[in-house]
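As you go down the protein sequences, you meet chains A and B in turn.
Numbering of the first sequence is given in this note's numbering, commencing with residue 1 and proceeding in unit increments.
Numbering of the second sequence is given in this note's numbering, commencing with residue 1001 and proceeding in unit increments.
I should point out that these hints are in silico values taken from the structure, not numbers from a laboratory.
Certain hints may be false.
Unchecked claim - Simulated restraints, written as ranges between beta carbons of each label pair:
1) 1102/B to 257/A: 45 to 51 Å
2) 1002/B to 34/A: 50 to 56 Å
3) 204/A to 1311/B: 51 to 57 Å
4) 1284/B to 291/A: 35 to 41 Å
5) 193/A to 1236/B: 36 to 42 Å
6) 1287/B to 247/A: 55 to 61 Å
Just so it is clear, the structure is predicted and the values come from calculations on it, not from any experiment.
C-beta atoms are modelled at their ideal positions from N, C-alpha and C, and glycine is treated no differently.
There are 2 protein chains.
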Amino acid sequence: MDLVQKILQGDARSAARLMTMIENGSPEAVSALKSLYPHTGRAYVVGVTGPPGSGKSTLTDRITEELRRRDKTVGIVAVDPTSPFTGGAILADRIRMQRHSLDPGVFIRSMATRGHLGGLARATNDVVDVLDAAGKDYILIETVGVGQDEVEVVRAAHTSVVVAVPGMGDEIQAIKAGVMEIGDLFVVNKADRESADKTVMEIEMMLHLGKATEGWQPRVLKTVAVRSEGVGELTEAILEHQAFLQKDEGRRQKWKERSHWVFLELLQERVTARVIEKVAVNGTLDRLIERIAARETDPYSAVEEVLKKAGL
Amino acid sequence: MDLVQKILQGDARSAARLMTMIENGSPEAVSALKSLYPHTGRAYVVGVTGPPGSGKSTLTDRITEELRRRDKTVGIVAVDPTSPFTGGAILADRIRMQRHSLDPGVFIRSMATRGHLGGLARATNDVVDVLDAAGKDYILIETVGVGQDEVEVVRAAHTSVVVAVPGMGDEIQAIKAGVMEIGDLFVVNKADRESADKTVMEIEMMLHLGKATEGWQPRVLKTVAVRSEGVGELTEAILEHQAFLQKDEGRRQKWKERSHWVFLELLQERVTARVIEKVAVNGTLDRLIERIAARETDPYSAVEEVLKKAGL
């Protein structure tokens, strides 16, 4: 039986194998993804984003437990901006894997940040599609809420959960502001700290300043993830948002937005690769870069030259 | 006198105007950048990166003071992942502007993170080129060390300074690991905290694990930026690294790497825009995205279709 069939039947090892192929940019991954694509679109995708130290991994774990209690299967995609240098992502993964290792209803995958043409966002989308086709009911994407690509990944989710903690410095607040407009739900985690209510109030004030009063009203919740406090309520709020989107035709709209974004990400990657392939014969590209470095030409003129050569 | 001439003479208002044009994606910006490009390559570019709350803005300010004391002019580019929603970047900018507002030898610019096709890295490079052409001796690029694009921006600098603080949680350490291999200098800021020496040791251990023993040996320094402690030593270390690169032909190599990366960033942006322009007639693109959303086609096949139509 081939890889695609096995994945459609929910085989975790086959799914993991395809994910590795995706991360390595293997061409066979593309044909498998094409075959899987008609079977996607059933999973509900939740993005969980927050600054380092906000406890979003723990929160993701606890939301998973709540969803499992409701007999839902869960895929977790952790977008980890760590490097192969220390293996941070792998370690974190192992620790979490242990918690759910005996549960076939949970699948966890870490995505390491790569070089800038590596297409992290595209690879993350592909992994979400694999989990979707493999029949997972919910897919949780967990990412640090800083960085363009990382924010975009969460923006493409059906429900975006933004995690904050009480008493963080001004700079953290500024970071948080960067993801303010993408949040459907806001969570003040570690809410047993004394300044929790102040942080809740601050977020509510920011929301009142910026949001229109139509459609879904973002909510602010308190959790203590390490003790599972408030996670039941958070999970209920996610399900309510899901129900809201379904009623509101919002899910179709969100999916269209995601399709648009996924398409553009992929187009950007492929079209650049193709143009380079076309132009890079006989060291043309190297010479062009030498000339930019030597200031015999500028990057803009060089790119125009390449576009012309590629017939664009 | 035209914009380019004024910028070459160091006129700050003209430089600011071009930067706004760059951020707005104005076509006139491109012709100005082409004219300026032959006059670039003189400035020395320093990247300062660290997690939120590490005090890198204060550190950047104090390095600027040290460089001013040595009669060097300074341009600061702050890549701020804040949104127009709260105006965080603008506020931070104003506070800092006040410190240096009477000093014509310092120019500060904040770059806000934009949508994913907005080309933050490309725009940042363009702004660096403007400051370079305007005659600034040193350009400090300050950015949060998380996120693909943000790390790449710092990687393109001549000297990369990675800022950490003592006693941050495990997750912060993991983040830091993501920028470990790009650091030429490491700074433990807020070093008056008791666990500072432990953090210094940890970083040194990580460095010994990962780095080859050839070429520049990354150093770990301690600072208390708010009291300017250790900033003189840090500035000296930056100058030493500069001298090392000059001796080692390393600067030329770094500049070639930067040219390569700048070229690819720009190519990616332009080539995607051109292909979309070619294909997007009569709503073809919208229909394609509808079809992806409806699962009548998959993103990979859709992109192949577009490439074919564009003659690639």
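Going through the hints against the structure:
no., hint, in the structure
1, 1102/B to 257/A: 45 to 51 Å, "holds (47 Å)"
2, 1002/B to 34/A: 50 to 56 Å, "holds (52 Å)"
3, 204/A to 1311/B: 51 to 57 Å, "holds (53 Å)"
4, 1284/B to 291/A: 35 to 41 Å, "holds (36 Å)"
5, 193/A to 1236/B: 36 to 42 Å, "holds (41 Å)"
6, 1287/B to 247/A: 55 to 61 Å, "violated (27 Å)"
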